[in-house]
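Trainee: For the sequence shown, the residue numbers in the working numbering are 179 to 1330.
Hint data in this document are derived by calculation from the structure and do not stem from the laboratory. The model shown is predicted, which means the values in this text are computed figures rather than measured ones. In this text, a Cβ means the ideal position worked out from N, Cα and C, and glycines have one as well. Check each hint, because a few of them may be wrong.
[What the hints assert, rightly or not] Computed beta-carbon distance windows for the label pairs: (1) Ser1213 x Gly1251: 33 to 39 Å; (2) Thr379 x Tyr345: 54 to 60 Å; (3) Arg1294 x Asp1315: 18 to 24 Å; (4) Asp1072 x His848: 29 to 35 Å; (5) Asp1245 x Asp1315: 49 to 55 Å; (6) Asp1315 x His848: 26 to 32 Å.
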Amino acid sequence: MKKYVVVWGATFFVVVCVSLYLMMETVSTNMGKSQDLDARLVEDKIARIRSDISKNQQTIREIKDYVRSMSQGDKSVLNKLQSVLDQQEPEVKLDDLLNVNKDKVKDTDNTALVFHPKGGVKLSGDTCSLAEGPNPKSDIQMLRVYENLKFENPDGGAWKQGWRVTYPEGKWNADNMLHVFVLPHSHTDPGWVKKFMDYYTQQTKPILDNVLNFLAADSRRRFIYAELSFFSLWWESLSADKRDTTKRLINNGQLEIATGGWVMNDEANAHFAAMVDQLIEGNQYLHGVTGFSPKSGWAVDPFGYSPTMAYLLKRSGVSGMLMQRVHYVLKKHLAKNKNLEFMWRQLWDTEGSSDILCHAMPFYSYDIPHTCGPDPKICCQFDFARMSPGPYSCPWRVPPQAITESNVAERTALLIDQYKKKASLYGSNALFIPLGDDFRYDKANECERQFDNYQKIFDYLDKNPQLGVRAKFGTLTEYFNKIHELSGSQPGSKPPDYPVLTGDFFTYADKDDHYWSGYFTSRPFQKQLDRHIETNLRSAEIALSLASVYQEKHRLTGFPVDQMMQLLVEARRNLGLFQHHDGITGTAKDFVVVDYGERLLTAENNCKTIIAEAVAFISMATKSDYKQSRFFDFDEIRKSHDSLIKRNVLQVTTRPSSVILYNSLGHPRHEVINLHVSDPNVEVTDSQGRVISSQTDPYWTEPTTMSEGRFKLFFVAEVPALGITRYQITQKERGSHNSLSKVTFYNSGEPSSDSAFSVERKSSVEFSLENLYLKATFSGTNGLLKTVMTKSTGDTHRSEVSFQTYGARSGKERSGAYLFIPDGPAKPLRVSHPVIRVVRGPIVSEVSVFINHVQHVVRLHNTTGLDGRSLDVFNLVDIRNEVNYELSMKIITDVQNSKQEVYTDLNGFQMIKRKTFDKLPIQANVYPMPASAFIEDDKTRFSVLTAQSLGVASLHKGEIQVMLDRTLNQDDMRGMGQGVRDNKPTPNRFRILIEQRSSPPVKDKLTGFPSLEAHLSYLQLVHKINILPQKSSVSMPPLLSQHSFLSVPLPCDVHLLNLRSLQKSYDGPITRGDDSALLLHRVGVDCGIPNTDLQCTYTQGRVRLRELFSDALGVREIRRMSLTLLHDKGPTSLDSDLTLDPMEIYSFKVKW
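Please model the complete structure; the sequences and the hints are all you need to start from.
Mentor: Spelled out as structure tokens, the structure:
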């Protein structure tokens, strides 16, 4: 016992002495010259002091952990040490050292809140060059193409959306061969008009069984496949011999697995973090069972294409990709200039390191009638599955003919004429011909017909080289390799004379004015559910990694690692499945949506279990005190997949109840926490045992009715980066630190006053709410936001909120799950004297407005944290009783955005400039908004950050319009076979951020970058602090008061994208391996927008990996990997700075 006390005491004494010396030295250095120090040097010294304090406190916590580990869990020793270990070390505050006065929280009813500017994070170097530098060089810029195209749609004849294609006679001959690669494929949706498992058992398993048999029978045959969600089920069903055959076919190039994602993900609504997760899950599984790494990307069916996906593929080791659903006018434009193949470059990449070779298919669809050439009537004759008898036929009423010796010459001549016409649209003597459609090759006779008849054509061409065509079955990778071979370039590089393209391919139209902008908003309930689970999955991933590594490093037992890993993998795969382009898009049949929903609910519950158990384990002062499912509840409850979240009620008593707060972000957080409690009279103590200010609000069961047994408690919490903090809640009669909010009603009858809260009714007059940073003014008539004043400048900004509605245009093809075809401009939603409820308090104030179809809430947080610098907006939308009805929220500002330019995000990864074109219909000017949008002029930027993916438009100057929900009676004739009538009461959350520019934006810039404050605000919006209240009537063992797993927080512009546990093996039960995947993302920032008082530092992207994680984890080795961890790029030094480039995602394999 003495040994442990001496070790701990001596070490503690040395650390404290050294730390105090360093701090005093830092403060006292050059005291005599202090008046000559410039502001930047002072800021640097303050930052050093903060760092010393943080390291001192972290070191003390680690010493305690070390002493505990020395005891090897000996209870007798730990009990004797407990009084020492649980002593609260006094937290040294920088403000105490420097005598800086903090802003005090004030009651907005009595005192005007004054803004006190503080120092900001200074940005420089490569960070600023992104927004201030030139656009990347490109030959094709999609926004410029949009500006110049007339978007006309003349009848092109056989190729209706093109023209009559011709080619010079004799262009291809024995000396100049056209190399044709015919690739059988089957597009298998993991859910659409059938449920996932029904598709698998009824169609996909037979397809893969057939492919295995037919490819094994002839080495000349090829096939391409993409969806690992189906492949994994099929693999598990195979015998050992068939697994060996499959591996042989994959590794010899007959069976190509392209992209290798869990699904062929949507590229409009999906967040890049979820795209990465499902890509890693698929790639890891594929490599784990076959040893294969995908080389090409295959995306025939997503409804528009994002450069984000191109970037992810490139960083995964893929060198070429294919797309199909591109606006028909754009296809024609690219084809006219032989630019259907190009190097796709990111809008922020001036060096071309992100370039990836892309093949765009030229015609209407990926089915066989639209892939051999421009005439579908002829191409259909070479879909041999349509021969009679069979389930398919040609709508042009000219059926296919089996190839025989007597007709092979004539049939071949007819086919290669189409091949040559299609080849004339490209710039190479290599030609790619897909041969498939949805769920094809599920019957053996189809496989036989296609493979045998085409082989006869290929054999005939081999014997007749004068025809100028050499054809064979070939994979996409073989096709790309041929392009490089013919051009003398290397795979992954740019073939000579191939153009560079920048931009994206939204919004897609397949014909006429049929724009696929409806699915940006369809089924918004499931879209918000997806994002909620996505962020919980990330929290669970990180929590499991931390708990597992800690247990292993300290040779502990008790935490059920493998059980949690099994729950985690199931959650990953269920969420990954929903990223499918008929999942998150909201374009599946009702019963399929229910199936997706039940899988998402399972994923959500799994994540909650993992977080609760891992955080409980981490929180124990003595880890052997941990007992599974014993101590903490997750704060949120969802009873069914289509129900709203309910909050657990903490039953407060005179005995303190612990609440653990878990922050999965790599930055410390200072923000408002909301709990539901059983009594309004409470006291909150922080991790140091100090009573802190809190606020109690009523919980409303109806717009004017309060609950008698449930209340909302607010307090401002401090949670360390990648860490936990304990707070305690105690029932206590009125005290000076807890305030009851005050309630005011407008436009309502006499509210109930039988409560502890002050309630009053006022006439309809304009009113305002304010905090330290903002003052928001609202209409007294309808309660909606009118203006926002930013106190840092004193400027008042128009910010008028209203709600708009659209109907569906009449006609044969109308709005549906995919299409948005409105009946004209939006009409204002009638708002006539709604109930307006205003709740004011020292920490949180809010306005709730109850109008037809919407409960609309605007909330201000009165803190110095990020949540105090923006308006929190919440809508609960319910349009179940409407028919052919679409609802949007419009915000009119005084921003003078020239040329009706608006910036929208692509997958939450990057921003792209849009323009509203008068030459296009309303639906063409709607774009996806997975994360944010902003408009700006030389002085002001107005941003909307969103916690769920929705459609967005800026149809008029100074305006942002966000689509909220849509209910459509009819199918839009795109295959789903029904309308969208399964609407739910749907919550959505936004933050409105108004920022002043210190310098005007670069006028011709094609991309935008959020401010540093906007980046961090978005992370806090979606990655909520997880709240774990103590279970009722549980005796709680000693807990850590606070702990961080980072030695120092990550720099402001570096995001911990994930810390992912890797699976040990894909043979047998799911177990956690020894390694983890660390993913870091350095964001791109606009330096022209200043920031103030951020709780993080800026290092120009430098991170020292050894110092990243605390000694409680201890990193042995880190290796740089490709994005999906299939390609090893070698070890990374732990002791030197690693510089992360802006916008880039870095993947590492960590050995602990």
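Trainee: Flag every earlier hint the structure violates by its number, smallest first.
Mentor: 2 and 5
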